[in-house]
Amino acid sequence: MTLFVQQLLIGIGNGVIYASVALALVLIYRTTGILNFAQGEMALVTTYVLWQLTDSGVPIGAAVPLAVVVGFVMGALIERVIVRRVEESSALTVVIVTIGMFLAANSIAQFFFGSDSKIVPRSIPDKATTIADVKITLQPIALAGLLVLECLVLWLLLQRTKLGLALRAVSSNPDSSRLVGISTGTMLMAGWAIAAALGALGGAAAVSGGEALDASLMQRLLVFAFAAAAIGGFDSPLGAVVGGIIVGVANAMTTTYLADANNGVDWLKGITLVVPFGLIALVLLFRPTGLFGRRVVERV
Amino acid sequence: MRRDHFVAGAIGAVALVVLLWVPQYFDADQTRVVAQGIILATAALGLNVLTGYNGQISIGHGAFFGVGAYTTAILMNDHGWRWLPTIPVVIVLLAVVGALAGFPALRVKGLYLALVTLGLAALFPDLTKRFVHGVGGTNVVQPPTVSPLLRGEVPGIVSTPKWAERFVDMDDQWRYYMILATAIVVFVIVTNLVAGRFGRALVAVRDHETAAAVLGVNPRRIKIAAFSLSAVFAGIAGSCAVLQSGTANAEATEVFQQSIYFLIAVVVGGTATRVGPVIGGFVVAFLQEWLTDWVNAIPGIPDWVSERPVLTPAFFGIALILLMYGLPDGLVGGGRRIAARLRRRSTPGGTTPRTAAT
Amino acid sequence: MSLGAPSVLEVNDLRGSYGPVRVLHGLSFEVHASEIVVILGANGSGKTSTLRAISGMISASGSVKLGGEEILGKRPEVIARRGVAHVPQGRGTFAELTVEENLRAGAYTRKDPQIDTDIERWYGVFPRLKERRGQAAGSMSGGEQQMLAVSRALMMSPRLLLLDEPSLGLAPLVTQELFQRLGELNRQTSIAMLVVEQNANLTLKIAHRGYVLEAGEIVASGSSAELAENDEVRRAYLGM
Amino acid sequence: MKGLPMTTRRPTPGQRVSARRGRIVGLLAVVALFAAACEGPRDREIDALGPRPTVPGQTTPDGSTPGTPIVDTSQCPGDPTTGISGDTIKFGVSLPQSGLYAAFDEIRKGADAHFAYVNEQGGVEIAGKKYKIELEVLDDAYEVPRTTANVNRLINNEKVFGLFNVVGTKNNLAIRQTVNDLCVPNLFAGTGSPAWGNHEFPFTLGTLLTPYPLEAKAFADYLKENDPDATVAILKANDDFGKAYADTFKAQIEGSDITVVAESDYNPDNPDTKSQITSLAAQEADALLLAATLLGCPNSLSAVRSTGWEPLIYMSGTCTSKTIIAISGDAAADVISVAPVLDPADPANFDLPGMALYREKVPEFAPDLVEELDNSIVAYGWTSAAMLVDVLSRSPAADRFSVIETARSITFEDIGVMIPGTTMSTSAEDWFLGETFNLVQYSLADGFFKVISDGPIDESGKTAEVAGDSLVNA
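Chains as they are written, first to last, in the numbering used here: chain A, 1 to 300; chain B, 1001 to 1358; chain C, 2001 to 2240; chain D, 3001 to 3474.
To be clear, the hints were calculated from the coordinates, so they are not data collected in a lab.
A couple of the hints might just be wrong.
Here are a few chain B residues that face chain A, going by a calculated C-beta distance under 10 Å [unchecked claim]: (1) Trp1083; (2) Arg1107; (3) Val1108; (4) Ala1114; (5) Val1116; (6) Leu1123; (7) Lys1129; (8) Trp1163; (9) Phe1256; (10) Val1267; (11) Val1305; (12) Ser1306.
Beta carbons are placed, not taken as given, at the ideal position from N, Cα and C, and that holds for glycine.
Pulled out of the complex, with its shape left as it was, chain A reads as follows:
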């Protein structure tokens, strides 16, 4: 029983990281209709910035918010300089541009920050408590708290602010937005900026427990973040969060029970990826646009 709880917490801890990146993916998709392949690598760049800040003396407590701000500015710049030119083009053209950014971002990050693994000081202290003889580390709890905070702030921003209203208006009907005086360009830039900031938080979360930072940090998560967004339904931020937790927990449980070398299902041994993708297929079979995704009504 204690193993189950521990694994559950680990699953939630990882799930939060997947959810943060998935949230960024969903936000960009909702406001701009673009699937941003480079979301993870943009978060890698901000995490390298986080490392550079801590390496040159900035305490971790200040470095994380700074990295988020850098992410915000970077997101806006990327939209303004790179993405805007192809926003009118076909979905495939935009996918190729984001793939181009995906390849370039990782390579340029290594060019500036080097290829060796880095050490980022823990942003979540390595404390643990035992409740009913179950040893619970602080990290998953803190990360879950961060995610709830993230969702709350995002919800307030989208539902209770003028910027949020404008963002949702642009995502709903860009032409009408311009007719009521909303500058779609600025809103698209804001969408990318906020998403990049969320991605930066995801990157910081990924190294919050002293985990190592190297060029593959976010590429490893890419598949899980996409899985999270797909399960949750691509146009619902809440779906991304729920999807992230589901994928995180599913992974932990598979590793522990299904793919375990000595007692797991034989043919599954060592194959940890089968469950998250089994899950995607299952969910999408019943809800083709994800758990919370809007059913796309095609006007004939």
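Once you've looked at the hints, dock chains B, C and D against the given chain A.
This is chains B, C and D only, laid out in the frame that chain A set:
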């Protein structure tokens, strides 16, 4: 329209001649790169049917490429088959696997489908590590009969048969011609399929599934067929890759990269065009192999750039972005636009008639 | 032409085009303060393009002056800020947003505190909107969406209201009620309106002046009474 | 393109034209083939390739009779002195310089520094003549298809003398057949895989790194001595690397009271092992065999620490570099591993002759490596280069056959940062090089690994038997 037809035929003929001539003139390594272009083109031709004509985006065809490669490699390595007989097996196997993979496509569209295929690409390497017993305990399968430089007395060796000795005196040339021949067969099949009823059905289902259904086209069958067909051609490309590199291997990064290259080739070439994937395949292969050398050869490139090979993917990524800026609808699409503009400028008194439009 | 304050909208030699296809061929017309002007035109006559040229949605040449200030070539959002409220063809509702959010979106450019009072005012004018205030706008009927679209445009407290075929897809009764309200609004708030329509007899009832547009050119103009008598107009639009 | 010509309909005018055009194409193609006579980079003459070299039957029990070579080069094609031009000898390297494994390029930088140092002194003397060593490096981003392409290009185009320090088990396995057919020496393949003992492939020589099966045996022996009835948990990568450790360890503890109570796999592409470690921790085993690489090691060590489980941990030798240990922080305390060469971070070694030379020459010839000096990856590169120079200087002649023959029966002593007083050797029977090592334990206080075995452990000649046929000749 008749003049375009002749021009296209002429260009096709010249291209074929150049491709036939490549291994005679260029050395083994340069020929390998052209063969890599042909392999990418073969897979892109298949993917273009699915993504270009039928509008279903897949970023997982690296997995089908892998299934084809492993099927050929295992048949040759463990059962002593020669290369050509494995192709029919690959076709049948991939047709079934492609159809199975197509089922989610019936329920799921666009973005979600792309992610299901991404899952395929992520899962495939793990499956090979678990079930394939390759060289040295790894999942690398290396049929001895295609070792790039082997020839002569080793039984079942894939080397130049006697009748072809007049044209071909080296093994890598013979393998290049087998890959080229396969690609040409694939090109003919795809162009004819797409030009006929099947092509129109693909586009109908892409543009308006419901309307297509009303007109008697069965969208479910068309989608499955498109998936299955694209999987077969990706598998054949995989078999050709084994013939050329002598090994079948699957790592997460490699399978993901293959899938991306096929998609890039289709889009860069020009989606839903017949020649687009072929051009796209060569562009991706050449950029992937030689772009860094070209960039470093630019005079005045500072050595803090040319000394750092870590930038190789960056050059490729930036090149992709610039290509999409310049030619959003691909090389063929762009070419057509330029040709149309030239033609309009050359027609006498080309003032556009006054058209009434709301 | 009128001596008083410069007309709200002055359009001279307006030429608009969609890419290579030229659609408007040198239109000139104007809308005076607190006046309702109608542009009658069949399908494909260039009505919608005219409005889209004014609100900057399509590329155009010539001159469009709003209260004496040239606005041609500016971006739509800038023109909207200058006080041009454009209710597009098909109403352009923010389907996923609630009714109230649609109204608040209309007031996006306003800084003044009366936004909430204005919302209550439009709920008064169109009570059905109030009933559905929390509902997603996309789920409402055509007529309700038209009322919402007009209210949203007026939430911008604009100087000029552009209406693109408001009667499109509405039941006759609903259209009648809508046009009546538009007339009352003009009389109460003396806001200038430019309406492009095919439904001549209803529009001419509330309009002061009008033009007739055919194939991107103005072929007739005059007061609404004159137009009502004009044979061509009667034949083309009044089915007489 | 018209429909397939076999349609039976009467040829419409359009088809008749296309038929005529078809004939033109055919003519053009044939002309082109014969026109190919014009010279191009395509090298016309090909080296007659005999059947693959077969290894002579094993010699008499008392070891190889003098005169019969270990490597049968009778069938080898081409000129064995390829790669030598004037006073330079050219070696080819294919290793990751971009992508997710670009950090491995540090090895090549260490080797470059050594070759620069040797070249600055006139180069290496082979059979009386001095040659400068030149490295032709191609990036393969750790991807197998690019390694095979690079090696074909190095051998056929660049005409290198031999290959040096190709990184990656799968990458070396993929080119093993080609280098064997062309008799091109592939020296010091950068992995500890037991596959390099396979006598069918004489032209691929392993590295000074301790082969993975020997590491497993070293841990088994240590446990037999210090905790004979220990319960052991195993966390391993789900590939050949993990398999080599686990299979050998289980074989080594047969017949002893040591038992494996739990085993878990992880995917090296996603080295987040929190779940695996937590499920292993539940068994509260006395010891943990950590068969992981790169970030799999530090992530697992910190995961173990946070579960509160305190086993004796044996960590793979590939993880003992300074950067990886620094990432683990104090979770690395008291971890056991092996060290085939001296730890460049340990000040006690600074004044040993080999280490002193290394610490003096690297900054001189590779200034950008100054802060990387105590990174064992750089020291490994430097030492492998020194070994190559040693092989060349002892080769009776400057050709590929003599060099591979020399490399197949050589004893290295005090080369680079080798452990003083130890030797690493190869012979007709023993095809493994890195068989002497120190058992070491990481001391948190000192910040580096301290030797805990009483003197270096010498397992020369035992790897093949320890690993077993299934691993070596897989």
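Now the hints, each set against the structure:
A least Cβ separation of about 30 Å between Trp1083 of chain B and chain A goes past the 10 Å threshold, and the interface hint is therefore violated. The criterion of a C-beta within 10 Å of any C-beta in chain A is met by Arg1107 of chain B, whose closest approach is roughly 5 Å, and the hint holds. Of the supplied interface hints, the one on Val1108 of chain B holds, with its beta-carbon coming within about 5 Å of a beta-carbon of chain A, less than 10 Å. Here the hint on Ala1114 of chain B is kept, as its CB sits about 7 Å from the closest CB of chain A, short of 10 Å.
Look at Val1116 of chain B: its Cβ gets to within about 6 Å of chain A, closer than 10 Å, so that hint holds up. At a threshold of 10 Å, the smallest CB-CB gap from Leu1123 of chain B to chain A is about 5 Å, leaving the interface hint in force. Among the interface hints, the one on Lys1129 of chain B holds; its C-beta lies about 7 Å from the nearest C-beta in chain A, closer than the 10 Å criterion. Violation of the interface hint for Trp1163 of chain B is found here, the shortest Cβ-Cβ separation to chain A being roughly 44 Å, above the 10 Å cut-off.
Taking 10 Å as the C-beta cut-off, the interface hint given for Phe1256 of chain B holds, the closest approach to chain A being about 9 Å. For Val1267 of chain B, the interface hint holds, since its Cβ comes within 10 Å of a Cβ in chain A; the closest pair sits about 5 Å apart. Of the supplied interface hints, the one on Val1305 of chain B holds, with its beta-carbon coming within about 9 Å of a beta-carbon of chain A, less than 10 Å. A hinted interface residue such as Ser1306 of chain B counts as satisfied when its beta carbon comes closer than 10 Å to some beta carbon of chain A; here the least separation is about 12 Å, so the hint is violated.
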